[in-house]
Amino acid sequence: MLRYIQQRLVAAVITLFGITIIVFLMLHLLPGDPARVIAGLLATEEDVARLRTQLGLNQPLLVQYWDFLSHLLRGDLGVSARTAQPVLTEVMARLPATMELAIISTVLASFFGIVGGVIAATRRNSFIDYLISALTLFGASMPVYWLGLMLIILFAVQWRLLPAAGNDGPASFILPSLTLAAFSVALIARMTRSSMLEVLGHDYVRTARAKGMSERRVVFHHALKNAFIPVLTVIGLQFGALLGGAVLTESVFGWPGLGLLLLDSISARDYPTVQGVALVFATIFILLNVLVDILYAYLDPRIHYA
Amino acid sequence: MLNFNGAVHFERIQPALDIWRRFLRRRSAVLGLAILLTLIALSVAAPLLTSNDPEHQKLSQAMIAPSLQFPLGTDYLGRDMATRLLYGARWSLTIGFLAVTLGLAVGVPLGAVSGYYGGWTDLIIQRFADILLSFPGFLLALSLVAILGVGLQNVIISVGVSAIPSFIRLVRGSVLTIRHQTYVEAAHSVGVRDGRIILRHVMPNAMAPVIVQATLNLGTAILVAAGLGFLGLGVQSPTPEWGAMLGEGRSYIFSASYMATFPGIAIFLAVLGFNLMGDGLRDALDPRLRHL
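Respectively, the protein sequence lines represent chains V and A.
So the first sequence is residues 1 to 306, counted in our numbering.
So the second sequence is residues 307 to 598, counted in our numbering.
Hints listed in this document are in silico derivations from the structure and should not be mistaken for laboratory results.
Treat the hints with care, since some could be wrong.
What follows is a list of derived Cβ distance ranges for each label pair [said to hold, decoys possible]: (1) P372/A with G32/V: 55 to 61 Å; (2) M92/V with A340/A: 48 to 54 Å; (3) R50/V with A351/A: 54 to 60 Å; (4) H28/V with A368/A: 41 to 47 Å; (5) G501/A with R3/V: 35 to 41 Å; (6) I346/A with T83/V: 45 to 51 Å; (7) P60/V with G501/A: 37 to 43 Å.
Glycine included, every Cβ here is placed at the ideal spot set by N, Cα and C.
Next comes chain V alone, as it looks inside the complex (with noise of 0.2 Å):
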């Protein structure tokens, strides 16, 4: 066990490092000289000349790309040609907004989708499971960021019930999750259909049925309890899948996010700031990776790891 958190981790690493290199690379696949368009088209040729040297772009690739990993390591991710306030102060600013977003979704879609998934299996082909399956496959099709512009019209606009944008009180959580919920519950209720599709049918079950042990239980102790191991993966790489799909979400929103960050920087060709962010986002999903493979090898003992 040790030593497959070890490996994951080594691997980790190494992506890690990949990452940094696409990263960096970023700026030098632009079209045209990075200084340049940093600085902009109205920039006079002098600005441009002394960016190029406070950046470091006169420098060979490699040093350049030593000088971006040493400051790294430093958490130092450059300063915002926007703002000039540093990159990581910027990303920070911003994280919490995102996190609460994602997590609040996440929650909202392990809930549903597991509840969903778990009402589908015990009724298979019932009313209520092809009516959960359409959902699902509903929610699956559907454009989170439409679903969210229909949300607002029907909640903000028609009832004016909630509020159509900003993140300010508890009610104005409720539209940007819902949307950014939809699209994993109907993952996470999928893979639960099937996951407890498969354990029912085990030995197991029956033999709990037959001493005669309350269906509930038979669900919920037995079948549940081991029908999760793969729908915990499904969370896991949800959660990182909600991180990108807030950048649409919080686009419709005007969430004051990361991706909304991401979103502004990339219009304002602040590059720096954009390479944080995908850093940045890039880091966390890794993190959350690792972080599942180890909870599964955990959960399932029955699994060897080589």
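The hints should help you fit chain A onto chain V, whose structure is shown.
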């Protein structure tokens, strides 16, 4: 190679028919296929169905709510929404198709080589896939567009590249199980070259899950491309791409909510079609997984 044309012919026809029959037996899969064929037919027949120009602006008839003359209303520049949606199907479906083709063209060979050769080749390709996979879903395409810039070609590249890692993973997994089959060993021992073994013996047997994944990915690709369009980072105005239309409609949700409603329904239908068809294909290609 030995050639038993008649026998091979017979054996290949039978499963294809079987698959088709199993596919037809599932009503939801047929519904998916019907949705997609309808969308394709409508987009091809667009010039016959409407005489309006999807990009023609007429400010005097801007923002007319759905009526007999304009069944889905007009947008803020007086363009007929129904016409734009019909022509938009061409853009959205083509973008999805080309992006997935790019993902397949790069991902499948990389996955096959990775699974077949193992060792260092495998390690390097897998780390590459890991890195691409660490930008969750939409973020990879978004970051790529941030670098490459907006526009049709860059959207296709960005969405296509973000589809690559899933194909690498999938094909590698299939190839790993096939590599040790007796018939591969047999081909090897009679001196067939590696490239030929991969192409002729391994890949045909690894294709079923790839076809399913590609169908489902078509839905995802359309969603992602439309998401970029929605943010104004995709195909640019005045091209009637569904996502961009939804993005334009977004500014008018307080006054003309239909402008955002209909493009979203169009995207939803296309993605739903691919999802239904992908599920149906999965069941048809692998009967063991049915009902799960």
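Range first: 48 to 54 Å. Now tell me if the beta carbons of M92/V and A340/A are that far apart. Because 51 Å falls inside the window, the suggested range holds.
Within 37 to 43 Å or not, the Cβ separation of P60/V and G501/A? Check passed, 38 Å falls within 37 to 43 Å.
Starting from the hint 41 to 47 Å, judge whether the C-beta atoms of H28/V and A368/A obey it. With Cβ atoms ~44 Å apart, the hint holds.
Can you tell me whether the CB distance of R50/V to A351/A sits inside 54 to 60 Å? For R50/V and A351/A the Cβ distance comes to about 59 Å; the hint holds.
Okay, I346/A versus T83/V on CB: inside 45 to 51 Å? Hint holds: Cβ distance 47 Å, inside 45 to 51 Å.
Falls inside 55 to 61 Å, the C-beta gap from P372/A to G32/V? 45 Å, violated
35 to 41 Å as the expected CB spacing between R3/V and G501/A, which holds or is violated: 37 Å, holds
When held up to the earlier numbered hints, the structure conflicts with hint 1 and nothing else.
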